[in-house]
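Participant: One letter stands for each residue in the lines below.
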Amino acid sequence: MTARPLVELVGVAKEYGGVLALRDAHLTVRVGELAAVVGPSGSGKSTLLTIMGTLSRPTSGTVRVAGHDLDDLRDRELAALRAATIGFVFQQFHLGPGPVLDAVADGLLYQGTPRRRRRALAEQVLHRLGLGHRLGHDTHQLSGGEKQRVAIARAVLGDPPLLLADEPTGALDSRAGAVVMEALYELHRAGTAVIVITHNPDIAASLPREVRLRDGRIEYDSACAAPVPAVAQEAPARPDTPVTDPEHHRSNGQFVRPDAIGPRHPGRREEDS
Amino acid sequence: MTVRRFPGKRRSPRPSPPRPARMRAADMARVGAAGLRARPTRVFLSALGIAIGIAAMIAVIGVSASGREDLDRRLDALGTDLLTVSPGKSLGGAAASLPADAVAMIGRIGPVEAASAIGKTAAKVYRSDRIPEAESGGIGVYAARLDLLDTVGAVVTRGTWLNAATHTYPAVVLGPKAAERLGVHTPGPQVQLWLGERWFTVVGILAANPLAPELDAAALVGWPAAERELGFDGHPTTVYTRTEDSAVLDVQAVLGATANPAEPNEVEVSRPSDALAAQEATDDTLNGLFLGLGATALLVGGVGVANTMVISVLERRAEIGLRRALGATRGHIRVQFLAESLLLSLLGGVGGVFLGMAATTGYATHQGWPTVVPPWAMAGGVAATLVIGAVAGLYPAVRAARLAPTEALA
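Residue numbers (our numbering), protein chains in the order written: chain A, 1 to 273; chain B, 1 to 410.
Incorrect hints may appear among the rest.
Unchecked claim - Okay, the calculated beta carbon distance ranges per label pair:
#1 B:Arg402 / A:Ser143: 55 to 65 angstroms
#2 B:Gly292 / A:Ser60: 53 to 63 angstroms
#3 A:Glu182 / B:Ala26: 31 to 41 angstroms
#4 A:Ala120 / B:Gly292: 49 to 59 angstroms
#5 B:Phe44 / A:Gly144: 46 to 56 angstroms
#6 B:Ala26 / A:Gly144: 27 to 37 angstroms
#7 B:Ala383 / A:Ala3: 53 to 63 angstroms
#8 A:Arg117 / B:Gly368: 56 to 66 angstroms
#9 B:Ala379 / A:Glu182: 51 to 61 angstroms
#10 B:Val398 / A:Tyr16: 15 to 25 angstroms
#11 A:Arg117 / B:Gly331: 42 to 52 angstroms
These aren't lab readings, by the way, just hints derived from the structure by calculation. Note that the Cβ used here is the ideal one computed from N, Cα and C, for glycine as well.
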């Protein structure tokens, strides 16, 4: 695994109104990787995703995406970087009304691709994801799993090297979730780096790499925890970032803290939007 | 598409910054239209606000233009080359009179094509000899020259005009109001009126003539008959002239001195078509009021559009966040909402133009006018809505663009 780094986080911290949502994060995602970011609600998963996805800038630390230091880029350049490099999949799909084909074709709306080409690509991607029979349907006619696969199709329309999926199965039942996960595996096999954010430890454990967050810290990273944990250059062990024993995360109860049990837990996005 | 999957094999520490793509105009319009299509009721209602304002203004302009067109056509039919000469007041304030040969003198002015006259007599006309003398009904008895009909452009609706025979006999032609007041509907040998202490036969009834309204309530008898039977002194009280169109103003200038060379200041020259036009033009203040109301409605409509757009931005945070995640710049978001606002008010504007045209057509048809909606008014209406859409959409668009992507997706 000596693929080039796609996203590099060095000593990244993010503060929201005096609260440190993420602190001293060191993380490298390489081309073609498949990794899970797992942690209880409020552990900083979404913050990590928005920073990796260049949707927000860190309060301190350095973020590099596809070789670009985020500090060097202006907002519009960041948008262009996002358009070309990163695909997003959200728990709530975020599909507008209208035909499936057009919803997917919107994935390249901001890259200046002509509509005819966008639609042709969308058709290809939909066929690839097993939704060829749904091209002309309206998005609201689809099942949850289909909606999420349409959202995935939209995210990967421009063939970005990185796909960030935020709780992609969070709003789905286990069978639909499995189909969606299979679609993500398929993209990974085709060479896309896929980061799945989840609070489900089973999904996390099933992926090749697992990054565990707790209270805004990267508590465990299976890529660094491998044979010699302390050697990892990107994530030097520090007193405030304890790299825990791999054994610990097996016990599921560990992820549920008292403050995480409440109405905000699984349906958090629904509530806020 | 500047950044590919493998951005260059060389390990340059600082690759050139990616540049956002320009959005195609067709895509902008499509995205804006999609935003509207998702909320048809709200779009309809806020477009209606704009439409009412535009419709009101178009209707006011259209109705007044149609009225003017109608007047122009009527004047065209009546002719704007009619000039009248009547005696004014002498310096001492006494009623003046025109010389008996005024018509002949006026007829000798080069561009004058026709000249005719009426002369007021002292006689009164009654339905019968039993009517009390005081109840004359405000009907004047005039001596009329035979060529009056052609000169003024009057039309006989029933019976005939005076001719070489009847104008020397006690025969009378009535104006429409005079006929109505006297209760005469059909002329004929047995229809007799008590006029100047003897019986006159009604031979014809005229149609109303807007250029010579004084004839409407007149009883016209032949010039020689008036002189012989009614003691008429032969002095005309109104001379009518038709002039070559190009020379109307010139003739108007010399008409007074020609009619009464001895006392040109005692002559009043007027152009009835001007008076008619002026009379119709008095509606302008009312039109101004309605235009003001239309403008106010338009302003309120604009505020409605702004309101709709602000609410739309609040509701569509997730969509904005998603678009930012797809790579939209702030500029892309701004343009999207601006396009939406422009389309929304354009929709109202075009609808308003059609509504205004419909209202104009309805009113003009009801009035029997030709329908005229000036193209500049339609173009102006649409242009005004574009300006309103831009102004109303600016603030919501800027707000949408300022929304941080993380905030929008939260």
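Participant: Are the hints correct? Go through all of them and say.
Facilitator: Okay, the hints, checked on the actual structure:
no.	hint	in the structure
1	B:Arg402 / A:Ser143: 55 to 65 angstroms	violated, 36 angstroms
2	B:Gly292 / A:Ser60: 53 to 63 angstroms	holds, 60 angstroms
3	A:Glu182 / B:Ala26: 31 to 41 angstroms	holds, 37 angstroms
4	A:Ala120 / B:Gly292: 49 to 59 angstroms	holds, 55 angstroms
5	B:Phe44 / A:Gly144: 46 to 56 angstroms	violated, 32 angstroms
6	B:Ala26 / A:Gly144: 27 to 37 angstroms	holds, 33 angstroms
7	B:Ala383 / A:Ala3: 53 to 63 angstroms	holds, 58 angstroms
8	A:Arg117 / B:Gly368: 56 to 66 angstroms	holds, 59 angstroms
9	B:Ala379 / A:Glu182: 51 to 61 angstroms	holds, 58 angstroms
10	B:Val398 / A:Tyr16: 15 to 25 angstroms	holds, 24 angstroms
11	A:Arg117 / B:Gly331: 42 to 52 angstroms	violated, 22 angstroms
In terms of the numbered hints stated before, the structure departs from hints 1, 5, 11, listed from lowest to highest.
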